[in-house]
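Chemist: Work out the full structure: start from the sequences and follow the hints.
Chains as they are written, first to last, in our numbering: chain A, 1 to 416; chain B, 1 to 416.
Hints in this document: simulated from the structure, not taken from any laboratory.
Please note that a few of the clues may not be correct.
List time: in silico DSS-like cross-link candidates among lysine-lysine, alpha-carbon distance up to 25 angstroms [as the list claims (entries may be wrong)]:
1. A:Lys284 with B:Lys253
2. A:Lys284 with A:Lys223
3. A:Lys284 with A:Lys333
4. A:Lys379 with B:Lys223
5. A:Lys223 with B:Lys284
6. B:Lys379 with A:Lys284
Non-contacting residues of chain B with respect to chain A, defined by C-beta distances greater than 12 angstroms in every case (computed) [to be verified]:
7. Gln54
8. Ala55
9. Asn121
10. Arg179
11. Val213
12. Gln303
13. Leu331
14. Glu345
Just so you know, these numbers come straight off a predicted model, no measurement behind them.
Idealized CB from N, CA, C, for every residue including glycine.
Number of protein chains: 2
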Amino acid sequence: MVDTLSQLSINRDRLIQSIEQLAQIGALPGGGVRRIAYSATDMQARDRVQQWMQAAGMSVNIDPAGNIIGKYPGKYPDAAALATGSHIDTVPNGGRYDGAFGVLAGLEVVRVLQEQQIQLNRSLEVIVFTDEEGTMIGSKAMSGRVILDPATYPRVDGIDIQTCLTRVGGDWRRLTEARRTAADIAAFVELHVEQGPVLECLGKQIGVVEGIVGQRRYIITVKGSSSHAGSTPMQMRQDALVAASRVVLAVNKIAHTPGGQQVATVGWMEVLPNAANVIPGLVKMSLDIRDLSSQHLDNLMAQLQAEIETIAVETQTYIDLQPRLRNEPALAKPQIQQAIAQACEDLRLSYTHLPSRASHDAQELATFTDMGMIFVPSKAGVSHAETEFTSPEQCAEGTNVLLHTFLELDRHYRCD
Amino acid sequence: MVDTLSQLSINRDRLIQSIEQLAQIGALPGGGVRRIAYSATDMQARDRVQQWMQAAGMSVNIDPAGNIIGKYPGKYPDAAALATGSHIDTVPNGGRYDGAFGVLAGLEVVRVLQEQQIQLNRSLEVIVFTDEEGTMIGSKAMSGRVILDPATYPRVDGIDIQTCLTRVGGDWRRLTEARRTAADIAAFVELHVEQGPVLECLGKQIGVVEGIVGQRRYIITVKGSSSHAGSTPMQMRQDALVAASRVVLAVNKIAHTPGGQQVATVGWMEVLPNAANVIPGLVKMSLDIRDLSSQHLDNLMAQLQAEIETIAVETQTYIDLQPRLRNEPALAKPQIQQAIAQACEDLRLSYTHLPSRASHDAQELATFTDMGMIFVPSKAGVSHAETEFTSPEQCAEGTNVLLHTFLELDRHYRCD
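Modeler: In structure tokens, the structure reads:
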């Protein structure tokens, strides 16, 4: 039996065919997909996935948050399940792999098990989370961290969240009932395209995710003094853009501090009055900083604060830093990382450990159960675009790793 | 006679009264003035000044560019005249001193001469230049550097330049006849508020202007690569804003290079796509750089170009610098600077030499005759605003310097 399992492989053609078929729903002319959560195409795709789940021998339930939960029963159906999943909604001009690949890979794993008449000790769930690209209401409801005020979920089309959930078979009034615990799900592993360039650059086939980085966002305001660019001598200036430029470089410097895997970015900047012949009096800018360790982020921000104080004194400006967003890091369970790495070894696939610097439903699951993530390469690191691409071979490799990770976890998480 | 002349002083109350009266034409509630060139208020003010000139014993002519030329005849009426002047048009929310003070100070000098029955060797002209705040068509026509294409003079109100000139007694078809030479004007001295903070900061009463700085303006484009602020590791970035920030600091560094009185400013910046979670892929910004010496500007720009090349290589970006505007410096004649300094000494007024970093009609006059400028302090360096202020005492001091400068120049520029 062990020998048979170690030889087990997913069906690459069937996997790719499913990806192709799902990509037809909401297909864009350029090869991408537009499948906004709760839209007609989203609902069509949800129906298709449910049909596929049932055909693969799974029971299908929709929880009050609209999450689709397909369950392939195990030998010990009362034991906490193993679970995988992702999302099938997209950004307005999305690709066909972001989210959808993780769901269809989970489905393919179950198809193989059913085909080979293999029953795991634990049940295996494949979950489609609601509205990952928007509110993440699906995974947040599952973790019990959902906000129960409908005003939190404004939509450009003006449709309220209650109506949205009803459309997909959910129920706003029973939203808290979507909550699950470690008694329901023993381990959750999400397979996803990297959405970054690291695996491709390093020439690795598989990424063993160490965790999903914590993210902090700030608005930095630099107040100087606006005056005539001609008649104000250099030594009499309080140029907010000169100070702001030093802040940008200070941010870049702390981002290159050894000892972490942090990234830090000033992506947005507004200069006032923004005229060629006027010294800038006011600059506002964003700061986005991410790392796997909250402690490391604290240290970096303390360094930056000290730098900013020096800059403010030296440029005679006033610099203020206001927090706008704070997401804590979600670490992947070492045992799950080890199971993924072991699967790579067994399948002779190259791999590297790396953080996920983008958000995923897995970060919510990590708040109540053991979590892991598997990455496959994204061509040129591109995602959230029609040109998003991961080759059939790479998709198959990732799905095989997912399959063997679950075989390993089913041994590891004993039911007795 | 020399003793009498050295004791000569302008009438401060009369000067201030004229400033007050002119400021009533186009007066704004906040104390400022709105007197756009060619508007009803501009024409009303032009009429008032002409009446005052005639009452002070001057002949008044309007040249084809609409310049008002008041002439107080000298003993040698055929010799090239001494001249002063400025403008009485304003920016939309202007102050009462910018321009108007120079014209009314010139008028006050003539009033004193007439009152004391003093005739200089040379005639003394007081000139009101047309549309200084807009096209500078008046002084440019006088220097022969005017552009003869009406399309060069578009106006927000849609009125063509031919109509505008006709309104103020000019004639577009004869515009080239407004040209004058050193045979007409032997020396031109403009008195103006500084419009900057230097005199106030140094605690000096008078500025002896060394010249009007040359100005060059460029658009700098930094091309990097836009990607996700989360999933792109630091060492794989081509962040256009990081590169642009280094350019801003390089500009600031060359502006602080010893050896010149240059100023350099990045006043305008546009970041694309300008979103907190996206690494900037493109930054465009302005560069405005000014100095009295073209050679020094050449050297500074060569330094900056070298710095920019280093920055482009180190940040893996492409940086392009395109010229947009180039005005050559206009140097003040040393003899005129000396006459102004001597007048300050005689009047026991503190003074400093400094460049004018704003544009003035005097820069056009400098292209064909000897030019000088006198500055008086601007409170807090403010101009082009309703809060523009120079005290009555400061106005009187500047006007006395103008008077004694002309007395000195009339001796210096001999007619035989």
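Chemist: Taking 25 angstroms as the top limit, are the C-alpha atoms of lysine 379 (chain A) and lysine 223 (chain B) close enough?
Modeler: Holds. Lysine 379 (chain A) to lysine 223 (chain B) sits at ~22 angstroms (cutoff 25 angstroms).
Chemist: Would the least Cβ to Cβ distance between valine 213 (chain B) and chain A come out above 12 angstroms?
Modeler: 7 angstroms, violated
Chemist: Taking 25 angstroms as the top limit, are the C-alpha atoms of lysine 284 (chain A) and lysine 333 (chain A) close enough?
Modeler: Status violated; Cα separation ~39 angstroms.
Chemist: Taking the closest pair, is the beta carbon of asparagine 121 (chain B) still more than 12 angstroms from chain A?
Modeler: 36 angstroms, holds
Chemist: Within 25 angstroms, alpha carbon to alpha carbon, are lysine 379 (chain B) and lysine 284 (chain A)?
Modeler: Distance ~29 angstroms between lysine 379 (chain B) and lysine 284 (chain A) Cα, so the pair is violated.
Chemist: Below or equal to 25 angstroms on CA atoms is what counts here, so check lysine 284 (chain A) against lysine 253 (chain B).
Modeler: 23 angstroms, holds
Chemist: Should the label of glutamine 303 (chain B) as a non-interface residue stand, given a Cβ cut-off of 12 angstroms to chain A?
Modeler: 15 angstroms, holds
Chemist: Would the non-interface assignment of leucine 331 (chain B) survive a Cβ cutoff of 12 angstroms against chain A?
Modeler: Nearest chain A Cβ is 17 angstroms from leucine 331 (chain B), so the label holds.
Chemist: Could you grab the alpha-carbon distance between lysine 223 (chain A) and lysine 284 (chain B) and see if it respects the 25 angstroms cut-off?
Modeler: Holds: lysine 223 (chain A) and lysine 284 (chain B) sit about 22 angstroms apart, inside 25 angstroms.
Chemist: For glutamine 54 (chain B), which was marked as not at the interface, is the minimum beta-carbon distance to chain A over 12 angstroms?
Modeler: Correct as stated: the minimum Cβ-Cβ distance to chain A is 35 angstroms, above 12 angstroms.
Chemist: Is the hinted pair lysine 284 (chain A) and lysine 223 (chain A) satisfied, with a Cα-Cα distance of at most 25 angstroms?
Modeler: 9 angstroms, holds
Chemist: Does the claim that arginine 179 (chain B) lies off the interface hold, with its Cβ farther than 12 angstroms from every Cβ of chain A?
Modeler: Arginine 179 (chain B) is indeed farther than 12 angstroms from all Cβ atoms of chain A, at 28 angstroms.
Figure legend: structure checked against the earlier numbered hints; hints not met, in rising order: 3, 6, 11.
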